[in-house]
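**Student:** Listed here are the chains, written in short residue letters.
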Amino acid sequence: MTTTPGAGAPKLRVEDLEVTFDVGRGKKLHAVDGVSFHVDEGETLGLVGESGSGKSTTGMAVLRLTEPTAGRVHLGDTEVTGLRSRRMRPLRKRMQIVFQDPYSSLDPSMTIGQQLDEPLKVHTSLSKDERRARVDEALDTVKLSTRYTTRYPNEFSGGQRQRIAIARAMILDPELVVLDEPVSALDVSTQSQIVNLLLGIQEQARTSFLFIAHDLAVVRLVSDRTAVMYLGQLVETGPSARVYDAPAHPYTAALNSAIPIPDPDRQRTRDRIVLGGDQPSPLNPPSGCRFRTRCPFAMPVCAEEVPPQHPLEGGGYAACHLHTHGPELRGGSVLQLVEGGHLTTPLVSR
Amino acid sequence: MTTPAVTAPLLQVEDLTVQFPTPDGLITVVDHVSFTLDANRVLCIVGESGSGKSVTALSLVGLVQSRGGRVSAGSVKFRGTELVGQPEKALNRIRGRDIGFIFQEPMSSLNPAFTVGDQIAEVVRRHRRAGRKEAWARAVEMLDRVGIASAAQRAKDYPHRFSGGMRQRVMIALALACDPKLLIADEPTTALDVTIQARTLELLKTLQREQDMAVLFITHDLGVVADIADDVVVMYASQVVEHAPVRDLFRRPQHPYTAGLLAAMPQSALENGSPLVGIPGVVPQPHRLPSGCRFHPRCTHAQAGRCTSEPVELRRLDGGLVRCVRSEELRDPAPVPGAPAPIEGVAVQ
Ligand SMILES: Nc1ncnc2c1ncn2[C@@H]1O[C@H](COP(=O)(O)OP(=O)(O)OP(=O)(O)O)[C@@H](O)[C@H]1O
Ligand SMILES: Nc1ncnc2c1ncn2[C@@H]1O[C@H](COP(=O)(O)OP(=O)(O)O)[C@@H](O)[C@H]1O
Ligand code: SF4
Ligand code: SF4
Ligand SMILES: [Mg+2]
Ligand SMILES: [Mg+2]
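Here the protein sequences come in this chain order: A and B.
Note that the first sequence covers residues 1 to 350 in the working numbering.
Note that the second sequence covers residues 1001 to 1349 in the working numbering.
In isolation and in its complexed conformation, chain B is listed as follows (with noise of 0.2 Å):
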């Protein structure tokens, strides 16, 4: 193994590939996705379902292969440690202690045959080594922290005995209970209510600050991002299309798709007193990709030839990254009389 450089990323991903083989063919869901996450940062996935979100976050800890899929290319070093291609002891040993995780499904995590008290304290029996009674204490102490009401007594309960936000919060409990220095958490919150949302990204802040831990935070839902994120990551047809800090994400969103995103949300509408305007359309399916710039299809912006014909390249501007050949352009539309201009940046429509 290769001594860690002491300045190296906690996170680094480069050209990260990802391949499934179907009925048509090998499809590749994650395309040379590239990012990095340095500690105590929280860094967002967003984009469409079915965008490759998911699939990266699985794949980053070596649980693609269980799934029947392959990292095909690629890195992906944890505090300078290659994980690719490590075997899967090796695997299962950072996965629960140096990264935790928290899955889409909160159900399937959770074993409905055990308490969850038991649940916590078997992982950090097996991670840290501590015995019984030890680990125990630290199952309600983390119970406890995510603001589970009468910890002690809770933590002898069955999962089913806890509603749907409980539930998601003993995730964040067990995913948290070894002190990892990473959490991915794949849309922990997009099955909750917003209040319980709302309350969940407060208790993940809070920990996040508290434990010295970043966050790779996986969601469709641009809100959130505003709420936590220091940086984003704008996928696409399994690609990265943007790629920015996050005030700069949302005060000059510079690909077309972004801009979409963030005009399709209710507040958007209601804060600028204008129509919701919708993306059209679907996320093409890995097998059957257009041509081109991969979103032309349902960009407004699209032209003819430039857009069409050849792939488009991720490319540095104004401190981010960004897939689009017209950003530039774009950015500072000749003014439509009467059009509301809601947002800086890449106008829609």
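Okay, chain A solo, but in the shape it has when bound (with noise of 0.2 Å):
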């Protein structure tokens, strides 16, 4: 790898992010709003969060495919934002993305083939052998056969178009590759077979993960660390196994409890958030903390201060105000109030 930083040094640095959107009639609508972040190398970090909370945003400002309005990326040494475009060309071959939709994100007119060369022509000087090895090497990563070089993507069911574009995104291996909701449009059993091709090509290549996803138990199975989207900010972070098993922030344990557990006598009889509400518009948050208004837990002080953010043990931070307010959680597990009968909202059912 050509830039090496200093031992620990993170390989993406994501600094006071935002982007903001012109919406029309003056108004700005602030998708993504001082998110700040790092991925160290061969670390995946997962981003989780519903829809429309600025996930897929924030990976595409890291990018640039999306001009962040403010904040600053570092991809190893070199500073991200800033570059003019000619300069942003050599950096594209160190950052890939794949998309959630396995139907849109292949060019239906050109061969997997071809589609697997057009990095290698482009960014490589590889002789025309070479490449052709390239191709049938990625093919072989992600399980699929050499002989498919010469199909089209229509004759491919989604799980395998997922691959390919997997294949595509690591075949200049990258040094950071953002996946945007990749199992997100598979059935189960297609979802598994594609987090397992995952885990294996990380525990191969050295390359950084950013996985986005709106599931919390496909994040904790994917990735080292995890955080937690909210209307454009950043409300949780830490080690996936304490996120998803001790969430710290509300809205977490919302996304915990929203998972259905696969045994009908738990799952009908166990204590959980169930969220009401619609998400507010992002171009007129909340005041205090913007979860509030869904918040089974919100207290007078969330409407008047934008909660801190709360240290973890272990890493992380939760930015909420129950850890110092109220039942005084002090970096404890929200389920504890879930399971405490805490609840004054009908947002919990039995």
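Take these hints with a grain of salt, some might be off.
As the list claims (entries may be wrong) - Each pair of labels, with its calculated beta carbon distance range:
#1 B:Pro1297 with A:Met110: 27 to 37 Å
#2 A:Gly315 with B:Arg1247: 32 to 42 Å
#3 A:Lys143 with B:Gln1303: 24 to 34 Å
#4 A:Glu155 with B:Pro1087: 39 to 49 Å
To be verified - Each computed DSSO-like pair below joins lysine-lysine, with the alpha-carbon atoms no more than 30 Å apart:
#5 B:Lys1156 with A:Lys28
#6 B:Lys1156 with A:Lys27
#7 B:Lys1089 with B:Lys1133
As the list claims (entries may be wrong) - One side of the interface only, derived from the structure: several residues of chain A facing chain B at Cβ under 7 Å:
#8 Glu50
#9 Ser157
#10 Ser184
#11 Val188
#12 Ser189
#13 Ala217
#14 Ile259
#15 Asp263
#16 Gln267
#17 Leu275
#18 Val301
#19 Ala303
#20 Glu304
Quick caveat, the hints were computed from the structure, so don't treat them as lab data.
From the three backbone atoms N, C-alpha and C, an ideal C-beta is built for every residue, glycine too.
Two chains, two frames, a set of hints: combine them into the complex.
**Tutor:** Set out below in structure tokens:
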């Protein structure tokens, strides 16, 4: 790799990222509003949240496929933000993306072989034979037959197309790959195949991944650390196991509650948070804590003060007043409140 | 028309078979499917994409013809009345009034040119012969019931003004506006976020209890099944491969395919602390079905000969139905040292 930073320096560093869209009549929509995170070399960071929370926009802004309004993005030693477009080109080779919809992300008029060869032609000086070997190798990595190179995308199922998209993203041995909901459109069985494929690739490659999803269980399986996003901001971060087992933000607890347990008896009797209301518009976010309009634990302070990032044991933080006010969780799990009957609103159903 | 017997189940499907003409010849996409659904019960049909779930649902209420398909055999009795072969006019009366329907694609069933209130009111007027005012009031009431805030106001909005989750709730309001006795819901939550899915399922459960209706719910997600089903039909390659009460199905899946679907859930891997186990391969195309057991190319328990030569029949086993010749012997697998036994019943791998 060309720019090896000092040991321990993160591969991707995102600081105070903002993306604002002009939506007419002088109105501005803050899709991403002050987001900071890092991803180490060979590490996978999961980015989870509901539809419209700003996950894709974050991923696109990191790659500068959407122009950030403010903030800085570093890939290794290179500052991505502020590079002129001519200087962006060599960087494209180092950063790749896989999209959610396996049906629109591949070019229907090109064979699989041509689509995989394209980035090699543009970004490398490899000979034709060398390129063909790399294409075969890439198909091998995603467990597809090398016979498929002459076929067109419409001959493949959703799961196979997603494999091809992953092969295309990995073929230049990138330093960072953004995976934007790569399994959300797939069946459970196909999803499990792709998840296992990604786990295998993680073991071999030194690539860093930003894995975007709305399903906390999938994120838990695939990511080392997890960041939870709500209305353009990160509300909780930390090691995936801790975030999943002991969520320190009510929104994370709600995401956890939303995943059904594959046991009818336990699923139907467990205490859980079922979120009511709709996500407020990012054009007009609530004062104080943005989650307060749907939070079953909201207190008066939540409307007045923006919750600070409360640091958590084991790394990460939760931006919630519950840690210092009311039940004073002091970094503990919100699930103890769900199970302890602290709820005043009917958002928890038994 | 026959007089419905007093004891007839709400919905009785027998040997339902649906075929489509294709360039590869006539294909059978629903193959002798049978089940019954009693009043106030929730039956889930579960299976991977392409297993025949949607076509089964559509064919129950005469909606495959318009898509080029044909019910070539079998019977569908609703409250004792045969629906197969009924003229379109009669079916039209039943659809929307006695049987509510939620389709897989939410947008396709809402008309972008009319307000949601008008669309619901129109259905009420048509089926209930209600007056304009009464129908509009019912539309607002239904929108309120499915949790649309300021329903009276929002009823005047067009579909594109609603988020995906709200549109799905509008669809539910539309399907339930005439108090149907049966709701057929085809993957109503698949395209939604997990949070909106959880909320939609809670809503459906509440409405099902309040309105005394039966629900036929189609999904590929066994997590959803664990949440709402009373009984479960598992479909694979156009056929029923397992049919059981929900608790039995999860406690002891009898078919390797059911066990495979369970093991493929991220939640299963997380609960058991074991690696995620996928089902290899894909559902076969209807015109390229394997010999013998249709699942055998993907089944880790397949045995040459026994599983590959003769078609496997659906048979009774422990209060359910299963289409596998090895269920009993696979039930108590010899313990493998070090291997976790995630679920009782048919083991994976
Ligand atoms: N080009 C754009 N112009 C205006 N608003 C936009 C644009 N792109 C995104 N937004 C808005 O920004 C917010 C975040 O959108 P984004 O697509 O990043 O969400 P997401 O978390 O990826 O959601 P999903 O799960 O639906 O993919 C939303 O309110 C969205 O409507
Ligand atoms: N209009 C049609 N013409 C031909 N084949 C069809 C048609 N609709 C569905 N099929 C085929 O029938 C099978 C079952 O489809 P479907 O019921 O939609 O599956 P599921 O709902 O389980 O995903 C698939 O192989 C599908 O390709
Ligand atoms: S700060 Fe208040 S409203 Fe926000 S998540 Fe915490 S308790 Fe809920
Ligand atoms: S019959 Fe044989 S191949 Fe089919 S599911 Fe049973 S064990 Fe597997
Ligand atoms: Mg997105
Ligand atoms: Mg379907």
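**Student:** If a hint holds in the structure, say so; if it doesn't, say that too.
**Tutor:** Verification of the hints:
{"no.": "1", "hint": "B:Pro1297 with A:Met110: 27 to 37 Å", "result": "30 Å, holds"}
{"no.": "2", "hint": "A:Gly315 with B:Arg1247: 32 to 42 Å", "result": "40 Å, holds"}
{"no.": "3", "hint": "A:Lys143 with B:Gln1303: 24 to 34 Å", "result": "25 Å, holds"}
{"no.": "4", "hint": "A:Glu155 with B:Pro1087: 39 to 49 Å", "result": "41 Å, holds"}
{"no.": "5", "hint": "B:Lys1156 with A:Lys28", "result": "27 Å, holds"}
{"no.": "6", "hint": "B:Lys1156 with A:Lys27", "result": "25 Å, holds"}
{"no.": "7", "hint": "B:Lys1089 with B:Lys1133", "result": "26 Å, holds"}
{"no.": "8", "hint": "Glu50", "result": "5 Å, holds"}
{"no.": "9", "hint": "Ser157", "result": "6 Å, holds"}
{"no.": "10", "hint": "Ser184", "result": "9 Å, violated"}
{"no.": "11", "hint": "Val188", "result": "5 Å, holds"}
{"no.": "12", "hint": "Ser189", "result": "4 Å, holds"}
{"no.": "13", "hint": "Ala217", "result": "4 Å, holds"}
{"no.": "14", "hint": "Ile259", "result": "6 Å, holds"}
{"no.": "15", "hint": "Asp263", "result": "6 Å, holds"}
{"no.": "16", "hint": "Gln267", "result": "5 Å, holds"}
{"no.": "17", "hint": "Leu275", "result": "5 Å, holds"}
{"no.": "18", "hint": "Val301", "result": "25 Å, violated"}
{"no.": "19", "hint": "Ala303", "result": "19 Å, violated"}
{"no.": "20", "hint": "Glu304", "result": "24 Å, violated"}
The structure fails to meet hints 10, 18, 19 and 20 from the earlier list, while all remaining hints are met.
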